[in-house]
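Residue numbers (the working numbering), protein chains in the order written: chain A, 1 to 256; chain B, 1 to 424; chain C, 1 to 333; chain D, 1 to 337.
Treat the hints loosely; a few may be bogus.
[As the list claims (entries may be wrong)] Taking lysine-lysine and the DSS-like style, the derived pairs with C-alpha atoms no more than 25 Å apart in a straight line are:
id : chain 1 : residue 1 : chain 2 : residue 2
1  : C       : K290      : C       : K322
2  : C       : K281      : C       : K291
3  : B       : K39       : D       : K329
4  : B       : K97       : D       : K107
5  : A       : K77       : B       : K372
6  : B       : K306      : A       : K68
7  : C       : K230      : C       : K281
8  : C       : K204      : C       : K299
9  : D       : K132      : C       : K116
10 : B       : K97       : D       : K66
11 : A       : K112      : A       : K125
12 : D       : K132      : B       : K236
13 : C       : K234      : C       : K322
14 : C       : K333      : C       : K322
15 : D       : K132      : B       : K97
16 : B       : K301      : A       : K68
Keep in mind the hints are simulated off the structure, nothing from the lab.
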Amino acid sequence: MAKVMAQLETPALSVHHLSVYYDDTPVLWDINFEVPVGNIVGIIGPNGAGKSTLIKSILQMTDCLSGKISFLGTTLKRKRKKIAYVPQRSTVDWDFPISVLEVVLMGLYPQKNFFSWIGDQDKKKAYQVLESVGMRSFADRQISQLSGGQQQRVFLARALLQDADIYFMDEPFAGVDIATEHSLMLTIKGLKEKKKTLFIVHHDLNTVRSYFDWVVLLNKGLIGCGPIEEVFTEENITRAYGKEGKTLFDVNKLFK
Amino acid sequence: MSFDLISFFTDPVLRAPTLGSIFMCISSSLVGVLVFLRKRSLLGEALSHTSYPGVALAVSTFAAFFSPSSDGFVFAILFFAFLSSVLGLLCIDFLKKRFRVYDDAALTFVLSSFFGIGVLLASRLQTTHAVWYKQVQTFLYGQAATMRDVHIFIYLALFIFILLAVLILYKNIQMLIFDQNYMRSLGVQVRYTEMLFVFLTCLAVVVGIRSVGVVMMAGMLIAPALTARCIAKSLKQMFLFAALFGGVSGFLGNYLSVSVPELFPGTRFVLPTGPMILIIASVLCFAFLIFSPPNGLLWKKLSRKKIKSKILLDETLKFIYSRPGKLASIFQIKEELSISFLRAYFILWILFTKRFLMLKNGSCCLTKRGSKKAIDIFKCHRLWGLYLIDFENDCRYSSLYDLTPELLKDLQEFEHVKYNHGEK
Amino acid sequence: MVFLGMNMFQIVKNLLLSVLIFITLGCSRESRADRERSESSTKKITVLSTIAMIDDIVARIGKDRINSNCLISGEIDPHSYELVKGDDEKISSADVVFFNGLNLEHGASLCYKLQKHKRSIALGDYIYEKYPDYILKTDNSLDPHIWMDISLWVNIIDPITQQLSQIDPEGSAFYQTNAAELKKTMLVAHDRVFNHLQAVSESKRYLVTSHDAFGYFTRSYLATEEERLKGTWKKRFAAPEGLAPDGQLSVKDIQNIIDHLLKYNISVVFAESNVSQDSLKKIVSSSKEKKHNVNFSSKVLYGDAMGSYNDPVNSYLEMIEKNASSLINEWQK
Amino acid sequence: MMLGLHLNPYKNCDFFEFFSVLSTRVLGLITGQIGLADLVSDEIQLLVLLGLCFSSAFLGVFLVLKRMTMMANAICHTILLGIVLAVLVLSPFFNFQASSNSILSMKILLMSSLCTALLTTFLMEFFKQTVKVQEDASIGIVFTFLFAVGVVLVTLFTKNIHIGTEAIMGNIDALDVDDLQIVLFVSLMNFSFFTVFYKRFTSVTFDPLFSSSIGISVSFYNYMIMVLTSATCIAAFRAVGVLLVLMFFVAPPLMSRMLTNNLRSIICLSFILPAIGSFITISLSRHFLTVYQVPISTSGLLVTVFFVMYLLLLLLSPKNGLFTNFLAKSLPIKVID
């Protein structure tokens, strides 16, 4: 259980007694944690630990058995506009006839009601965001012609355009080249400076230490949630990943 | 004129439709299993429509040789319909592979364009060979009642052919469905099995149209396979159950369409045999989908409700226990658990009856029994979390509430030894 | 403002271009004049009748003063006839349209067009008003096959002549004489057929065909006098399919027909020219198994269609006589 | 003493003369000489087809992209039965004789088709989401069951009227001016729905997870598409028949996908291409009638023309047509991308 309550002001995200059953097999059991504002939080765990389910149930995309979730103290409905979600790349049909610019502009949809058209200054904002992600030259290119890394950057650009306070990213670094990974991390660090909180589902243990300052370690149940030094310990890793976890941990030490 | 069961197989009028549709249903359900497992169940619907131009072509070429309702003519129609549905299937695959068209768009495109071409040819026929045109119409909607002995032999031959194909090539089919690359690695020709699959599907669909009609044929491919899917554990079982359900619905369809009108002798109450067969098959399928014991919808929903209500009870107790003075008002409970007032009342009512709670100046407070129970729940939940994390590959228990006391005991020692920090 | 992928200037340019093409095409010389000449547009009135039986009667009344054409010809089944490309012109260009009514032409489009036509006469409904008890009812719908009974069909002559003389007053005398003469010939033919059929022994006169077209025929020609009065003549005629052929059939209908065959030990079954013979084939093969040999008639009856592909009948009376003769030599065998 | 009846001006013209007569008629219409009342059957057919192209342009693109064409197919089948049942079952209550067949009052048709469409969609979603059956199996089982129940009910009610082929293949030659009403209404409905919800539809089709995260409910838009499909099916029911309207939903988007990649121009092309197709069909069928005196079913011809157009596009499309690739490989010319 997180021993120390970092800051006293309202946490970015607080989860109480969240448990999710898929029909009658438990996927998540009694998750309780709170994360202060302005942290990059890594959600780590072995396959089938329920990482994506955790995010989906937090955003009420799947119905959970029980649980009370509050964002910056209030419910999801009030804070909907301040939350951005970057889905896994595999859930999207990539030969959809749409250009990169239009995908990014979808980030503005929450602010736009039905009748407002996409104006020129919206386009300018979109170009700026694409610039920051290094995809300005691809603006009019069809998304089916992009590589994995570029697609991920477009998704990130779309999330940036929403300029939310809390970001949820589902495996952004899966199948992405090193250059993209670094540029993504730069943007994410930039967001951290702007007091934004980011929750990133991640599976590569080696980069955990350098990327994240907070970690949620889970395997169907919550093993630990807190700053890296406290939670990302050898004991917790072995508990989460079982015996192989230990070797993984040692290898990781070599790299440090 | 009462109909007893045996007469269905002996009486000349009833024999042909009953036997014919039983064989047809069994063979179509066998093929249905293949189609269902390859996730292309709507192939039946597409193939039955793409066979229409073949039928119209057969009429225009063979009209000169055969009289409108001679048996030879039926074979000619079947053959041409088969050819045109095979062509349709090849078009679908070509569109999917070469032009990466989504598979259901390709299916619908081929379905409606072949049907349109069929309509064009048939309207040409309407003027020149009116009687054949009428024959084609009855062919489309299926006329199970007027099947004769010659049809029994057609369906018997079809049934035997499909049965042999499935038995002999069982392994190939299993590999084709499960994993094609593994099959290629073994050097077994995927193309031939694929061709066989195409051949069998078209044959079953086209031959079945005559008795059940175009749309019902598509259903007969899906319903038995889906029913079998709910209770079968292995592919072999799936084939057996599907064949059983197909045969049963074939027979029952005929039986009901004859005996039900008997109950109303006076009126011209008529139940067509084709649609009845499909209705029986679908009703069987719905029943099994919902009520079949292990994973029927009803059981799953029941077990989920049971777990949800139990957890809610536990949460309320834990919440009240953790409140100062073990005291909480109904609003705080409702707020904490984010549930509706009605639910909150219901939960509190249960807790009161079990004497875990008692009323104390307007809010609920834990009784002695209640607080002991709460401690027990805390321990139980903690251990269950532990069990989930550490005993990951031991999937004996799926739910917290069937944890046995002795397992709890040794979980506790495990926790004590491993982490030597026991919480409260 | 980019809209629909092309800017506004491009859209306007394309639109202008297409309109121009349209206009240039418009002014081209009318080159189909030669085809027009093929259709002589003399002062004859055009009369359209839906089924061949009406067309034959109308042609005999109007002779060469009118050009009568027929919508449903050959072996096409009138019950479910649907309009085809050219029919719309045929109907709108006809001065008067005669159709059978009594829900014979229940194809949705045909029915609708007939209603909308300014001068369309339902001959069956006319007879229904004048002699309501003549019209048969099978399971709460009217039996439209009134042309099978000549004595009934003769009553359509009056409305036809009345309409023709209204449109073409000068020729009304001509029409009256033709009408009277036609009535005489029809009544004579009616008696001849009646006597021929009554000559056959009563026990043989049972008719089984594929669809319910011969109700009137049986009532007037096959039934004995007291059967006609008492209304028990219905037992002399049975058919598996209802009024409209190829409705959804059930095993029960076939079973009823086989019982009927056994009860009156009928040994011959008559197929129809334009209806599928599946149900009859089934009846024949099943009753043979029940040790009651039934076989098909050598000749085919003409129910809804006048004449067939290889044996055309060129007049309504000839059709009735052909039916009667094929019945007689089957029963007397 | 010829009654003042007008001969159909297209009576004897072949393919090209048809266009010339059409252009004079259009000119007359614009300059007001020819009123709306005395439009001739060919023009009515043309207008109905254009209306259908217009309304199915939006609908077809999203149906294909959301992979719901098979659901549309299912809707068409069950609607067919909804219509027939509405006519047979409801006609005695509303005391209008089914056989007298004044234009089947559109209210009953629309109402019944809407209920059947909603019922079918609900059942399909139920089987897919809650009972967790494969998607195409759930579609297949639902619509064949409803179709079988419909056929049984139809044969129960009337032994004499079988399901007219006209309901399935439609009869474009029997159209009338007041058919234009329903087509106009449905095209306006489609146009307004899609322009208003264009952004929502693109986001729901492209990325359902993202849309539900920003608060758009995905299933609401599925139901809306299904309702619009059923309304368009009703409009097409008399003209092209319920089965061939699928061609309007599927062929144009596939054709325009071969030509462009931008979603907006796909929608425009999915209106222009079938419009051209309809022009060709109407004049071709007139051509067959005059030159060969052979009346053929225009709806069948329409589908064949679409099929041929798609084949041509498959061969010649600039992007990756079979013929263009063959050209690119053999001749050293650069194919414009």
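So, going through the hints one by one against the coordinates:
1. C:K290 to C:K322: Violated. K290 of chain C to K322 of chain C sits at ~32 Å, over the 25 Å cutoff.
2. C:K281 to C:K291: holds (16 Å)
3. B:K39 to D:K329: violated (37 Å)
4. B:K97 to D:K107: Distance of about 44 Å is beyond 25 Å: violated.
5. A:K77 to B:K372: violated (38 Å)
6. B:K306 to A:K68: holds (20 Å)
7. C:K230 to C:K281: Violated, at about 33 Å.
8. C:K204 to C:K299: holds (17 Å)
9. D:K132 to C:K116: violated (52 Å)
10. B:K97 to D:K66: Judged against 25 Å, a Cα distance of about 19 Å means the pair holds.
11. A:K112 to A:K125: holds (14 Å)
12. D:K132 to B:K236: holds (23 Å)
13. C:K234 to C:K322: Holds: K234 of chain C and K322 of chain C sit about 23 Å apart, inside 25 Å.
14. C:K333 to C:K322: holds (17 Å)
15. D:K132 to B:K97: violated (28 Å)
16. B:K301 to A:K68: OK: K301 of chain B and K68 of chain A at ~22 Å, within 25 Å.
The earlier numbered hints that this structure contradicts are 1, 3, 4, 5, 7, 9, 15.
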